[in-house]
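Student: Please model the complete structure; the sequences and the hints are all you need to start from.
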Amino acid sequence: MPAIQQAAVRLSTQNEITAEISARSADFQRAIDGGAAVDHRTTLDYAPYRSSILRHPTKDLRHVDPETIELVSPAFGHRDVGEVESDLTIQHSGEPLGARIVVAGRVLDGNGRPVRNQLVEVWQANSAGRYIHQRDQHPAPIDPNFTGAGRTITDDDGRYQFITIKPGAYPWRNHTNAWRPAHIHFSLFGNAFTQRIVTQMYFPGDPLFPLDPIYNSIVDPRARDRLVANYDHELTSPEWALGFRWDIVLTGPQATWFEPEEDDK
Amino acid sequence: MSPELIPTAGQTLGPFYGFSLPYADGPELVPPYHPRAVLLTGTVYDGAGEPVPDALVEIWQPDENGDIPQQRGSLRRDGHSFSGFGRCATDPDGRYQFWTLTPGTLTGSASAPFFSLIVFARGLTDKLHSRIYLPAAPDAAQSPLATDPLLSTLSAAEQASLIATRVPDGSLHHDIHLQGEEETVFLDFG
Numbered sequence: 018m019p020a021i022q023q024a025a026v027r028l029s030t031q032n033e034i035t036a037e038i039s040a041r042s043a044d045f046q047r048a049i050d051g052g053a054a055v056d057h058r059t060t061l062d063y064a065p066y067r068s069s070i071l072r073h074p075t076k077d078l079r080h081v082d083p084e085t086i087e088l089v090s091p092a093f094g095h096r097d098v099g100e101v102e103s104d105l106t107i108q109h110s111g112e113p114l115g116a117r118i119v120v121a122g123r124v125l126d127g128n129g130r131p132v133r134n135q136l137v138e139v140w141q142a143n144s145a146g147r148y149i150h151q152r153d154q155h156p157a158p159i160d161p162n163f164t165g166a167g168r169t170i171t172d173d174d175g176r177y178q179f180i181t182i183k184p185g186a187y188p189w190r191n192h193t194n195a196w197r198p199a200h201i202h203f204s205l206f207g208n209a210f211t212q213r214i215v216t217q218m219y220f221p222g223d224p225l226f227p228l229d230p231i232y233n234s235i236v237d238p239r240a241r242d243r244l245v246a247n248y249d250h251e252l253t254s255p256e257w258a259l260g261f262r263w264d265i266v267l268t269g270p271q272a273t274w275f276e277p278e279e280d281d282k
Numbered sequence: 006m007s008p009e010l011i012p013t014a015g016q017t018l019g020p021f022y023g024f025s026l027p028y029a030d031g032p033e034l035v036p037p038y039h040p041r042a043v044l045l046t047g048t049v050y051d052g053a054g055e056p057v058p059d060a061l062v063e064i065w066q067p068d069e070n071g072d073i074p075q076q077r078g079s080l081r082r083d084g085h086s087f088s089g090f091g092r093c094a095t096d097p098d099g100r101y102q103f104w105t106l107t108p109g110t111l112t113g114s115a116s117a118p119f120f121s122l123i124v125f126a127r128g129l130t131d132k133l134h135s136r137i138y139l140p141a142a143p144d145a146a147q148s149p150l151a152t153d154p155l156l157s158t159l160s161a162a163e164q165a166s167l168i169a170t171r172v173p174d175g176s177l178h179h180d181i182h183l184q185g186e187e188e189t190v191f192l193d194f195g
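Those protein sequence lines, which keep their order, are chains A and V.
By the working numbering, the letter at position 222 of the first sequence is numbered 239, and the numbering carries on one by one without gaps.
By the working numbering, the letter at position 13 of the second sequence is numbered 18, and the numbering carries on one by one without gaps.
Honestly, the hints are just simulated from the structure, not real lab data.
All C-beta atoms in this analysis are idealised placements derived from N, C-alpha and C, irrespective of residue type, glycine included.
None of the hints are false.
EDC-like mimics (lysine to aspartate or glutamate), calculated; alpha carbons at most 16 Å apart, straight line: (1) A:K76 <-> V:E163; (2) A:K183 <-> A:D249; (3) A:K183 <-> A:D223; (4) A:K76 <-> V:E187; (5) A:K76 <-> V:E188; (6) A:K183 <-> A:D104; (7) A:K76 <-> V:D193; (8) A:K183 <-> A:E112; (9) A:K76 <-> V:E186; (10) A:K76 <-> A:D62.
Residues from chain V that face chain A, not an exhaustive set, calculated with beta carbons under 7 Å: (11) G15; (12) D51; (13) G52; (14) A53; (15) S79; (16) S114; (17) T130; (18) V190; (19) D193.
Tutor: Here it is, written out as structure tokens:
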């Protein structure tokens with residue numbers, strides 16, 4: 018167990034964490050009401066997430082004009098990723114347990130243009146809320162038919178699609194009785210290295226949202242909502258899988274500009 | 006274009022990325038036996054000076070001529086192409102290491118040569134961008150570091166947090182301090 022957690026004298030209660038989350042939300046709203054610009058970004062200094070206390074920079078990020086290397090992205094292609102890597106349910110000899118789902122969407126830049134041919138990586142807990150990772154000691158069953166890691170490359174419209182199992186909620190030791198809302202970790206590359214992002218996708222209507230300090234480390238409620246997928250009945254396959262749609266909008270300066278296409282919206 | 010296009014915000018890497026993001030030879034942009042391979046290594050520290058054993062460090066760089074690699078294949082090393090991208094999960098002592106080539110000066114750029122750096126970690130709510138500059142060569146008449154557009158705006162201590170150290174064996178050493186007296190300068194390109 019990391020030294021930081023060992024050093025904690027006493028774990029906070031959920032009520033204490035929830036009160037801290039509420040206070041940060043109120044601070045945000047007060048600043049907006051006072052005329053401050055809305056910051057959609059995640060807060061680095063967010064003490065309700067206890068592990069962040071010693072791991073966030075205390076100085077402001079230094080603004081710099083990006084160099085050419087930062088304005089382009091490492092290049093990935095279909096050579097990098099196997100066809101079957103986007104289906105997390107066929108990586109073993111049997112079918113994994115849980116609710117089969119399709120997660121699909123588009124990766125867009127800040128102008129709504131598709132981010133093409135770029136790498137999308139995902140990882141998640143199984144349907145019981147257990148990660149395959151050896152350090153996950155949550156006493157829920159490992160599913161021998163589910164690893165929970167996948168990759169794909171976006172197509173010419175910036176589309177990606179994964180077939181997987183709906184992950185369970187996951188208990189952790191940020192505070193007593195702490196549970197993460199069900200989530201899928203996403204790692205993405207944009208058209209520029211400045212657009213690189215690691216984030217988490219959530220499922221609609223999760224009752225754990227107001228209790229979770231990681232979800233709430235995005236203090237702007239509209240930006241927070243963007244991490245929640247939409248149930249999409251068009252994407253749902255009869256007698257087979259529920260569909261969830263989640264688009265990702267990357268931001269930041271970039272050098273590569275695509276010609277507008279007729280099907281661009 | 007929709008005015009409602011709010012950018013997707015980052016979230017912490019969490020503790021359990023180890024079975025997903027690391028990939029074979031991710032830290033080896035070139036094989037260690039490459040005749041011009043250079044070792045870049047260091048430790049990620051938290052604000053208490055403790056190593057961070059669950060961070061993920063990525064570098065992205067031009068080749069020795071300063072050209073930016075754009076061939077696909079950054080995940081599957083073919084043994085001879087240089088993709089310019091590397092990924093390394095820190096070990097139980099918070100250490101990362103890359104085998105790579107020395108980055109050249111970017112074409113038409115006033116910047117001194119550097120590795121572009123991104124750090125992720127459990128406990129870090131979002132990514133952090135930074136740079137690792139090459140140290141001045143001892144025989145250089147004038148170091149490009151002196152005229153670098155970013156470094157020239159920083160204090161000596163801040164500069165030191167961005168410049169690697171040449172170890173006697175020829176490798177490069179660069180520690181990353183998420184917080185504390187030696188806090189690394191992290192960048193915002195917005």
